[in-house]
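The listed protein sequences correspond, in order, to chains A and B.
For the first sequence, my numbering gives the first residue as 1, with consecutive numbering after it.
For the second sequence, my numbering gives the first residue as 475, with consecutive numbering after it.
Derived by calculation from the structure, the hints in this document are not laboratory data.
Quick reminder that beta carbons are idealized off the backbone N, C-alpha and C, glycines included.
It is possible that some hints are incorrect.
If you want the footprint, here are the derived chain A segments under chain B, 3+ residues with CB under 8 Å [claimed, not checked]:
| hint | stretch |
| --- | --- |
| 1 | 78-89 |
| 2 | 152-160 |
| 3 | 356-363 |
Taking lysine-lysine and the BS3-like style, the derived pairs with C-alpha atoms no more than 25 Å apart in a straight line are [said to hold, decoys possible]:
| hint | chain 1 | residue 1 | chain 2 | residue 2 |
| --- | --- | --- | --- | --- |
| 4 | A | 314 | B | 559 |
| 5 | B | 665 | B | 640 |
| 6 | B | 654 | B | 694 |
| 7 | B | 603 | A | 263 |
| 8 | A | 314 | B | 640 |
| 9 | B | 694 | A | 314 |
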Amino acid sequence: MLKRLFLYPFAMLLLLLATMVAGQGTKPEDPAGDPFGDELNFDDDLFGDAFDSPETTKEPSWLDGFTVRLSQQLFWQVNNHSVEPIPGLRIPKQADLENNRLGLNFRYQNAFAPGWLLQSTGQARWYWKDDYEYADNNDNIDTEYRINELYLQRSFGQQSLKFGRQTVVWGETVGNSVLDVINHTEFRDFTIIDIEDARLNQWMLVWDVFSTDSQWSSFINLYPEFNPVALSGSPFYANTGYNIGDYKRGSESLFEVGTQWRKSFESSDISFMAAYLYENQLSYDYPSEGYGDALAKNNDFALLGFSANRAIGKLLLNLDLAISLGVLPNQSSFPGMTAQGSSLEIKKDQIGASLGFEYAISSDQSISLGIQANKLIDEREGLVSGQVPVNEGVFGSWLVRYRNALSNGNLVVSSTLQGDLEADSLFVALGVDYSVNDHWAVAGQIISTTANQQTPMVLFDADVRVGVTVTYSF
Amino acid sequence: MTLFKVLRFVCITALAVNLAAEELTGEAIMQTMDDTRRSTNDSSFTRLKLSSCTFGVNKGRIACAERPRVKVLESVSINHGKDNKDTKSLSITLEPPAERGIGMLTYGYDEAGRNNQTWLYLSALGRVKRIAGGDSDEETEPASIFGSEFTTEDTDTGKLAEYSFKRLEDTTQSGRKVWKVESLPNVERAKKSRYSRTVHYIDQERYVVLRSEMYDKYGKEIKRVMASRVELVNDNWLARSVTMMNLVSNRLSNMAFVEIYTDLDINDAFLTQRTLTDNAYRETGLEALRAQTQ
Chain A
1 MLKRLFLYPF AMLLLLLATM VAGQGTKPED PAGDPFGDEL NFDDDLFGDA
51 FDSPETTKEP SWLDGFTVRL SQQLFWQVNN HSVEPIPGLR IPKQADLENN
101 RLGLNFRYQN AFAPGWLLQS TGQARWYWKD DYEYADNNDN IDTEYRINEL
151 YLQRSFGQQS LKFGRQTVVW GETVGNSVLD VINHTEFRDF TIIDIEDARL
201 NQWMLVWDVF STDSQWSSFI NLYPEFNPVA LSGSPFYANT GYNIGDYKRG
251 SESLFEVGTQ WRKSFESSDI SFMAAYLYEN QLSYDYPSEG YGDALAKNND
301 FALLGFSANR AIGKLLLNLD LAISLGVLPN QSSFPGMTAQ GSSLEIKKDQ
351 IGASLGFEYA ISSDQSISLG IQANKLIDER EGLVSGQVPV NEGVFGSWLV
401 RYRNALSNGN LVVSSTLQGD LEADSLFVAL GVDYSVNDHW AVAGQIISTT
451 ANQQTPMVLF DADVRVGVTV TYSF
Chain B
475 MTLFKVLRFV CITALAVNLA AEELTGEAIM QTMDDTRRST NDSSFTRLKL
525 SSCTFGVNKG RIACAERPRV KVLESVSINH GKDNKDTKSL SITLEPPAER
575 GIGMLTYGYD EAGRNNQTWL YLSALGRVKR IAGGDSDEET EPASIFGSEF
625 TTEDTDTGKL AEYSFKRLED TTQSGRKVWK VESLPNVERA KKSRYSRTVH
675 YIDQERYVVL RSEMYDKYGK EIKRVMASRV ELVNDNWLAR SVTMMNLVSN
725 RLSNMAFVEI YTDLDINDAF LTQRTLTDNA YRETGLEALR AQTQ
């Protein structure tokens, strides 16, 4: 294992060097003396080809709509330690490579006729040796394909109709909104930590009506989907002794529907929304025999919401408010984590708020803070003696992001801190993204998690992960 | 940052005046530039190519030391508001592939103290997002334009009262007769500027800036602009290729106006948030603009 830990960084270093070499052109001689004197000759044709570039001369092709990204990712959990999820039970965790995978992402957009557009995004993954999905596939290379987005759009007059797999995002607070619950999500492992990357698309019909400064947007989803279960072998997978599977659809017909009205004022935008939804996270009943398949259960609820932002100079304030009628009180406040096997099946009403700000420190630096807080109404009503709600009082999470773009944006340093309001867990991520040239990019990440026994995150206490990703786009 | 500012910069090179050359003062030249920029920029559709690289000098000639990074953008802009001094502009990134489809809508206001409004659309975000950047002219430090060596300060030609101008001498540049005009910021502007002094070389016949030199507070030249491909576009002389050299970082950026059309029929509704999210609507609108340019 130790040998592999050294071999992979070496391989990634070679990849990085290869990309840097690919970005080099002919090196001119070094300037000597005063290279910028008055008589310096400037070559008028240095960028002359800009005026006969291919995009202005070649015939349009349907292939022009493709954008493709290839990425190779390696991620290690590097800290040898143990966790103690309950007093007296200590589980050792060895440093190990968790992710060794090649990804292909594509995006296709084609406005094939006036007012018509076809758009699709998708991905393929190849899981190499030592990736947890390789191990889960009986030590064979595993592959996975998925269409994320696939919709047809027709725009006419003041209206637009979109049908197909797509995303609907509500709320203003970045990454931490109580209203961003339309699409389901998949936090498969710690390489996906932003909700922007975790959203999964659903089959929907979206109808937009536009006017000068406002917009009505409505959707109907005739095939609601739920957060997929954690994959066996992944960091989020917990062996409970019984099978936790996807939702088994019977003869019942499920649908979701919602509408939002948004209006823009000078320095501010506001939205009102209402929806009938299913909670993205399923709840599970233990199998009655004590083994076998757990029973996945859905829960429908109604959502009423309001969001607003306000720009004051370089400061942007965000506010989201949500009233959820009829939710199950068994959700973890940490994204991707769910308290399973809760016997609390009494529907409750919940109020939630997300409050945040974004501040442009300078033209290159920005910082944002988002706090999400939720409170169940009459949380103890209906409980029998001895029962305790999973989330009592005010619960939620906070998120801080910092970004600094250096070298005209070619080098981006970022950090993310996330925790819950009860201070039971803390998640710290530091990232560096470097664009080698217009096609090649390299990203590095260090992620640390800290948690106590009050949260399921305790399974990741003292984990330290280091990752690197090399990307080629064309 | 908007492409409107970029167009304003190009209008530095557009001095369509018919005054007798001997009567021109530095102030007169700069005032004419400010007046003509709006007419040149109004109802415009532009395809812009920004190329940036580290450079060196090879046998007395400037050359890129690496393969240039290239950004290609399309921009639509209109003027509106009181005296037609406010702007609405939309820019869409076409290249590089990793940034394709990023859209930015900006409403710019001429009124001092009134914040510009900017909305950004990233497919990863899945929604339109308001950006708080303040009024770039008043509150923020000069920012790079789309990652290039051009900054918001370089493209800003308004607020002439914040500068004093002096016509220095007659000389030649790139084989053409030019005036050298010195621009000095006043005390307030100097606090926000990276330049203590700028010298422009202005073509006496075509009224185009062929070269500019920017100096820091120590009197050291830190940036130089070279312009070429001067062509007549809609009765205005324009330098369609402008190169900014950063003499400190040895990095340069070339701004090539691959296509520029003005006085087009642009619907005000096209410069709204709908155009950021409704791709079918946007592409239909852009096709209509392209048809007007044929």
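Starting from the hint list further up, note which numbers the structure goes against and sort them upward.
Those not satisfied are hints 1, 8 and 9.
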